[in-house]
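For chain G, the structure is supplied; the task is to place chain D on it using the hints.
2 protein chains.
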Amino acid sequence: MTQGIRISISGARSAAVGREHGVTPSELKALEPVVAQAHRALRAERSQKRYGFYDLHKDKAILGEVQRAAKGFSKARPQNLVVLGIGGSALGTTALVTALKPPYYNLLSEEERGGRPRVFVMDNVDPETFHQMMRICPPKKTIYNVISKSGGTAETVAQLLIVVDQLEKAVGASALKEHLVVTTGALERGAKPNPLQALVKKRGLVSFDVPPNVGGRFSVFSSVGLFPAAVLGMDLKALFAGCASMDKQCSRASLQDNPAYLRAAVEFLGSRDKGKSISVMLPYADALRDVADWYRQIWAESLGKRCNLDGTNTAWYAGQTPVKALGVTDQHSQLQLYLEGPNDKIITVLGVAAFRKRVPIPKAGPSVKGPAYLHGSTLNKLMAAERKATVDSLKENDRPVMAVNFPQVNEFTVAELLYMLEVETAMAGRLFDVDAFGQPAVEQIKVLTRRNMGAKG
Amino acid sequence: MTQGIRISISGARSAAVGREHGVTPSELKALEPVVAQAHRALRAERSQKRYGFYDLHKDKAILGEVQRAAKGFSKARPQNLVVLGIGGSALGTTALVTALKPPYYNLLSEEERGGRPRVFVMDNVDPETFHQMMRICPPKKTIYNVISKSGGTAETVAQLLIVVDQLEKAVGASALKEHLVVTTGALERGAKPNPLQALVKKRGLVSFDVPPNVGGRFSVFSSVGLFPAAVLGMDLKALFAGCASMDKQCSRASLQDNPAYLRAAVEFLGSRDKGKSISVMLPYADALRDVADWYRQIWAESLGKRCNLDGTNTAWYAGQTPVKALGVTDQHSQLQLYLEGPNDKIITVLGVAAFRKRVPIPKAGPSVKGPAYLHGSTLNKLMAAERKATVDSLKENDRPVMAVNFPQVNEFTVAELLYMLEVETAMAGRLFDVDAFGQPAVEQIKVLTRRNMGAKG
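Keeping their order, the protein sequence lines are chains G and D.
Here the first sequence is numbered in this note's numbering, starting from 1 and rising by one per residue.
Here the second sequence is numbered in this note's numbering, starting from 1 and rising by one per residue.
With the rest of the complex left out, here is chain G (with noise of 0.2 Å):
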């Protein structure tokens, strides 16, 4: 059986950093008739499918079918794939795309790449950037993942128009789908077609469907992420496992046992009781800083709400700060901040046991002498020794801690920390009482949007 990874949230409890920051027993306990309540309404809406993410591990066709995508687009051996998709569209993939493949990747050659293509993620509408990518990528070497479970995002719509543009003048619109792939939700019976439904069906492409009950921000394991993940060559079963396995841990109805219920506990009772209002994630790893990233939307758009959960306070104003930093970099930016500014934060400190690679330092040369200390180790050992350095302080400074620790990057952990923190997500909006799956502002924002650009009505 694969090693997956540990979480710890001793470094959180009153144990590890007093009363007035860290979870006392009593506190837990007295917790654990409402995460046992709450854990019947998120099993009953498991079982009724209203949120899809739980099981998206379980669905082995799909596996299949973007495999099977990803061998004919191969064939052509595109140099680019282009995601062109944004928030829960875009975010998955740069975290897996960070996690497992090589640092630099893009930089790579095609050999050293596997054959497989550059990968390039447009999560923004910033000429600059949309430009030099079009110049980067020339259309005929490129294949497109558009990707907007509405249909009717206005940026991925305006990133597509530009690109079906240029596709026509390049291949001809009769080759669009050799080069485009589309990520939608399903067309319903009698429904309107979406831009994206339209083009599928127009032009003969290549589609996939985002599940209906699965928002932007839990659609990690959907087509969304799992066809970009295809095309450069992930371990798709792997993923799955990787889900199915702490789907097995976060499935205990008990507090004590369930690691996504004792972390979302941790954060609700430090955010309503003693003032944690930051929740920062601190890999210790290059390859997780995405990770990081696509945990910040999935915390601050789940449990940011002006309204409780039935509706009936509407100035609850409820969230928590996400924040992502990076281990080492940020003791020379964040840290000194995190040990003696407000005792507002609780810090996820991740950390990676074995490294794929091993940098040994060398021993004292001709040319220049380090301290002793350096000589002879590696910045493996460095980046550990830093790690518990840190762990270390913000304990001795009573600032709350929890750890994950990953035997390993790879597709079975990365799927781990994803679903567990999804499933955790799903926790904390029941324990701040809000709809931890909606996003109303969001919708505002869209409206107001419309009309600065001039659109009626």
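Any given hint might turn out to be false.
Which copy is meant is left open, so a pair is good if it fits within one copy or across any two.
When the alpha-carbon atoms are kept at most 27 Å apart in a straight line, the in silico DSSO-like pairs for lysine-lysine are as follows [what the hints assert, rightly or not]:
no., residue 1, residue 2
1, Lys58, Lys248
2, Lys169, Lys29
3, Lys202, Lys169
4, Lys202, Lys363
5, Lys388, Lys363
6, Lys388, Lys456
7, Lys141, Lys101
8, Lys75, Lys177
9, Lys201, Lys363
10, Lys58, Lys169
11, Lys369, Lys49
What the hints contain is simulated information worked out from the structure, not anything from laboratory work.
Coordinates of chain D only, in the frame set by chain G:
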């Protein structure tokens, strides 16, 4: 005269977002004598040369020095510039590169780069990343700029030991000087040389001094930032002109006329009186995303302090947590929280009037049709419309927002912003009553790390 940035705090005033969340005229008025006194103290310290950052742009000699050195190294047509440095030795260069070089710069051909090298800022000791960088950048084709004011930063020295070992093998010890440039503190008379100083002497390397009165996070306009900038062909005179322009504006004694002081006052009053524990920097331009990361360091490390300025209160725990965000991308990630979550943030929106590219969105074509308001528009207009929607929504929801508007992003305007934020931080240090120029907790971590590495003593 070059057009500069425009700063506005109007969206953070009570007139825009109400008295509970915005600053009132009388609150600003009441702060005037405090600011006036702090201004006198800072001016005195400036004239005593206690803090060097104020006057770096007056050192015209350094421009000639770094440019001559850069020209010398360019003769061998190096393919890569690798900066070895962490925290203040890295963040300034990264901010300048992202703002002033084209997007995807390292993916461009040598010709497209104007004959300049690719650039890698190594601000971590992640073994996977460092290993890959060493593969991608063959030592023979690379120049390294190792930067550490103390010369003893563990991460940077570890990197240096690896690089020197590889260079010795590739080009020989006697040719180190053709590949390695050192930026460190000047050797004081009678002191034992730090490892970098010793290396300079032993191998006759080109080196630059970090002035003793300039700390890492205030060093971007010293040789720390200027040598990489020169190698990459940035307009150093325009950088200095931007500093000078902002120096003039930020030298005004009156709170109401000084943009840096006004901004510091809003952050301080918000933090002290209105629960604004978080300061978000939200650029609507990919080019400015790492300026936000640079801000994250200067704001966190300068203000996050356990003791007050005169050391009489050792449980002061001051600070405000800086958060970097990115528009429009984070509209689909963070904005829900910013609009509907706890009203605990002051958000600075950076806007750009003229991007360096214009990307038209095509008229409706034969394959795909979007909403009418997109067709025939531009990504530039869409970006502007989204920014306005966000700012208006924030104000509508009583969330204080400040603005910095760039006519365009260039050396002059970026330097203006960085210089203003430096002065703002210095003033904020006075208002928050902390020593903005130390980082005691970071020193603690260094000791612990050495111990974890098995060092004696």
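For this session: Could you tell me which of the hints above the structure violates, numbers in ascending order?
Result: The structure breaks hints 2, 10, 11; every other hint is satisfied.
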